[in-house]
Amino acid sequence: MKPMARFIPLLVLAALGGCATHNPQDPLEPYNRAMFTINDKVDKAVLKPVATGYKAVTPTPIRHGVTNFFGNFGDVWSMTNDFLQGNVHDGLSTFMRVGVNTVFGLFGTLDIATEMGIYKHPNDFGLTLARWGVGSGPYVVLPFYGPSTVRDAAGTGVFLAYGPTAQISPPSASYGALALNLVNTRANLLSASNLFDQIALDPYVFTRSAYEQRRKSQVEEVRDRPIIDLGEPNPLAKYSYDDANGGLMSFASPTPTAAASAANSGAKTDAKPDAPSH
Numbered sequence: 003m004k005p006m007a008r009f010i011p012l013l014v015l016a017a018l019g020g021c022a023t024h025n026p027q028d029p030l031e032p033y034n035r036a037m038f039t040i041n042d043k044v045d046k047a048v049l050k051p052v053a054t055g056y057k058a059v060t061p062t063p064i065r066h067g068v069t070n071f072f073g074n075f076g077d078v079w080s081m082t083n084d085f086l087q088g089n090v091h092d093g094l095s096t097f098m099r100v101g102v103n104t105v106f107g108l109f110g111t112l113d114i115a116t117e118m119g120i121y122k123h124p125n126d127f128g129l130t131l132a133r134w135g136v137g138s139g140p141y142v143v144l145p146f147y148g149p150s151t152v153r154d155a156a157g158t159g160v161f162l163a164y165g166p167t168a169q170i171s172p173p174s175a176s177y178g179a180l181a182l183n184l185v186n187t188r189a190n191l192l193s194a195s196n197l198f199d200q201i202a203l204d205p206y207v208f209t210r211s212a213y214e215q216r217r218k219s220q221v222e223e224v225r226d227r228p229i230i231d232l233g234e235p236n237p238l239a240k241y242s243y244d245d246a247n248g249g250l251m252s253f254a255s256p257t258p259t260a261a262a263s264a265a266n267s268g269a270k271t272d273a274k275p276d277a278p279s280h
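In the working numbering, the protein residues as written are 3 to 280.
Treat the hints with care, since some could be wrong.
[What the hints assert, rightly or not] Straight-line distance between alpha carbons at most 25 Å, and here's what the computed BS3-like set of lysine-lysine pairs gives:
{"id": "1", "residue 1": "Lys-57", "residue 2": "Lys-46"}
{"id": "2", "residue 1": "Lys-57", "residue 2": "Lys-43"}
{"id": "3", "residue 1": "Lys-122", "residue 2": "Lys-218"}
Since the hints were derived computationally from the structure, they do not count as laboratory data.
Work out the full structure, taking the sequences as your base and the hints as a guide.
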């Protein structure tokens, strides 16, 4: 059985489980369902057809260039939030990534940094608020932007007001950049959305559960970092010289048995919940 075929039944069961219980983090469910339906209708009537046409007439290299260009803008925002969170290590890494792609990647249209091993570290202002103790608040569905929480909606507002695309002048060019990014992103997700339509018994519950689980994992990661994260002071600190094998041995690469044991242990551990705000 293919990996995706094994994964689909689990997604269906998750959706069924979500339908059977009330989510205390979703007190605004009547409004959220209404907005979810509106977003879905707008997507099917306008955004998806436009994205389909855009994908049909735009060569793949051009679409990749647009994706990389806006990804470079996103890296600037990620870098800003890395530093706001005290994550100096990832902030400097992303600073180098932006510099390399801007200078050598034709203003970000080519992702040279990834080829050099300088990888993305996505971040946003919602995670910055979470890093400093702000609770998630209730789940909320935003117009056009979809699933969010009160805290993350505030982060989205800050991004729209102060993010890199907001600095483009004149304002009409900024709005055009946002529209192009939206259409290009939607075009990149056409295949995923078609699969979503086939497997989600209750698309609203499925989307909410997927968002909450992903966001919880991201919040736990940023909250587990030290106040000022400088990264590992010695890149070889996780290695030891193994005389028997005649070289370096990594303690970061456990045997398959140890990895499976660690995964099972982690799955049984209750993670600290993302505390709601009051």
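For this session: Starting from the hint list further up, note which numbers the structure goes against and sort them upward.
Result: Hint check: nothing fails, all pass.
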